[in-house]
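Novice: All chains should be built: construct the whole structure from the sequences, respecting the hints.
Each chain is listed here by its residues.
There are 4 protein chains.
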Amino acid sequence: MWVKTVSPRFGDVDGLGHVNNTVIAVWFELGRNGIFRIFEPNLNLSHDTWPLIMAHTDFDFVGEMFFHYDVEIKTWISHIGTKSFTCYHEAWQDGRLCAKGTAVVVHYDFKNKQTTPIPEDKKKLLTEHFLESKGQQY
Amino acid sequence: MWVKTVSPRFGDVDGLGHVNNTVIAVWFELGRNGIFRIFEPNLNLSHDTWPLIMAHTDFDFVGEMFFHYDVEIKTWISHIGTKSFTCYHEAWQDGRLCAKGTAVVVHYDFKNKQTTPIPEDKKKLLTEHFLESKGQQY
Amino acid sequence: MWVKTVSPRFGDVDGLGHVNNTVIAVWFELGRNGIFRIFEPNLNLSHDTWPLIMAHTDFDFVGEMFFHYDVEIKTWISHIGTKSFTCYHEAWQDGRLCAKGTAVVVHYDFKNKQTTPIPEDKKKLLTEHFLESKGQQY
Amino acid sequence: MWVKTVSPRFGDVDGLGHVNNTVIAVWFELGRNGIFRIFEPNLNLSHDTWPLIMAHTDFDFVGEMFFHYDVEIKTWISHIGTKSFTCYHEAWQDGRLCAKGTAVVVHYDFKNKQTTPIPEDKKKLLTEHFLESKGQQY
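Chains as they are written, first to last, in my numbering: chain C, 1 to 138; chain B, 1 to 138; chain H, 1 to 138; chain F, 1 to 138.
Hints should not be assumed to be uniformly reliable.
Since the list gives no way to pick out one identical chain from another, each pair is judged satisfied if it fits inside one copy or across any two copies.
[To be verified] Derived pair list, reagent style BS3-like, types lysine-lysine, alpha-carbon separation capped at 25 Å:
1) Lys100 / Lys113
2) Lys4 / Lys111
3) Lys74 / Lys4
4) Lys74 / Lys113
5) Lys111 / Lys74
6) Lys113 / Lys4
7) Lys100 / Lys83
8) Lys124 / Lys83
9) Lys74 / Lys122
Keep in mind that the hints were calculated from the coordinates and are not lab data.
Specialist: This is the structure we're talking about:
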């Protein structure tokens, strides 16, 4: 599991006093930095080096988040396929689970514009963050 | 169907040259303005007047979007329940479907913190934008 | 003058009911698309083709902006130097000037990492949008 | 001085590989959380309790910022007037000053829609973060 603590910003809060739903998408993307470093340790954003492309994201908003407490973004790997894997994210504030969701990331060759198998050594590193280690069903 | 045309912004494009996935969440929220006006015509953001809260969003990224063309955000209603409804969104650029997704919106009384039935007159207005009018399966 | 109409998004409005100040930065950047097309008509974001880099921006918030009206972003050129130029932006909502600001853009060779003179033909195109045509002092 | 460390997000980086200029506005706003807590310790965003409104921001982009290093946002108070004060922000990455700027914040009564004097006890707390303590000219 990767953990990233973020502080809500004044403008992250919408007109009803809650963190806006689109901010969660931003925070969960931030939660994937550890995964990105597995595939490109220097985080060099180039079609020659970057091997990942997003296919899907989803979000369940199960509790309201507010301005005044930090938020913990927790990230696991919930599925590893041949050419893609799935991240599972949770956002916690003040001891409450407030949002959860997944992201399907495809291993991709940008130069040849085609999906490619995830190398075994990368799979092994992803496995260390597998959701089962959380000790719960999902 | 509601249609909203947006122009990608320089900073919407990420380091790989594509519109970032989190921008789609922002554009789809913009696509819901017509729906919001059905429930609160003055778009007055107050716990006394605003009756909607987000429960779920999902996004499928089926094609890359770039800086140089405008994007059409198309929004339909795909399901109407007793206390919630589902929006279906598509993002089109240069004649290509590039992203699609749904949003589940709950009818909610913020003062009493409970879900409430969608009034029949609002249901009728939502029905006018039902996805079936698109003439395709989803 | 370039004019771009934008619709405030639910999440653009902050906890006090006003469009957040950081959203104005996003809108003014969108207002520069016409300028960007002068320098790179295909908006191709590559170090080989893109010749502009931002040096400065400033914003004066002179009126509150709300959710329920569209906003007009007006953009002029207020100064043209040898290697840089200045944009002047205004945001209008419901007949009121709500924000204004400038952006200093430098003509830049990303490959050689150095400023370069603005070509005369580009200067001429910028001049067509000069602020004096607005008929007022600034 | 307040210090806040932020991690650039994949989508914060624009098509030229640098953190987009509008992201700095977001980070500097985040840097003001400590100031906001002086005036409203619970960060309760209500017209009854929130006493601050933004009047001006500016940004100088003096170096490029990239994806792969965290960024330190440092915030000082550079001026205290009767009814407003000025924040001074810097963004540092990998030992380099990359952006700096100010924000003018006005003490404001939202209910009566008028500026009001900053209370003396708040002035004193702001003074503890005065830029002079940085030991340099500005």
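Novice: With reference to the structure, classify each hint as holding or not holding.
Specialist: Evaluation of the provided hints:
Proximity of Lys100 and Lys113 under a CA criterion of 25 Å is satisfied inter-copy only: 21 Å between copies versus 31 Å inside one chain copy. For the homomeric pair Lys4 and Lys111, neither the shortest alpha-carbon distance inside one copy (32 Å) nor that between copies (33 Å) is at most 25 Å. Both within a single protomer and between protomers do Lys74 and Lys4 lie at most 25 Å apart by alpha-carbon distance, with minima of 7 Å and 20 Å respectively. Taking the closest pair of Cα atoms, Lys74 and Lys113 never come within 25 Å of each other, the shortest separation being 31 Å inside a single copy and 27 Å across copies.
In this homomeric assembly, Lys111 and Lys74 never come within 25 Å of each other (Cα to Cα): the closest approach is 32 Å inside a single copy and 31 Å across copies. Taking CA atoms no more than 25 Å apart as the test, Lys113 paired with Lys4 passes in neither setting, with 32 Å inside one copy and 30 Å between copies. Proximity of Lys100 and Lys83 under a CA criterion of 25 Å is satisfied in both settings, with 24 Å inside one chain copy and 22 Å between copies. Proximity of Lys124 and Lys83 under a CA criterion of 25 Å is satisfied intra-copy only: 14 Å inside one chain copy versus 45 Å between copies.
Within a single copy, Lys74 and Lys122 get their C-alpha atoms as close as 20 Å, which meets the 25 Å cut-off; across copies the closest is 37 Å, which misses it.
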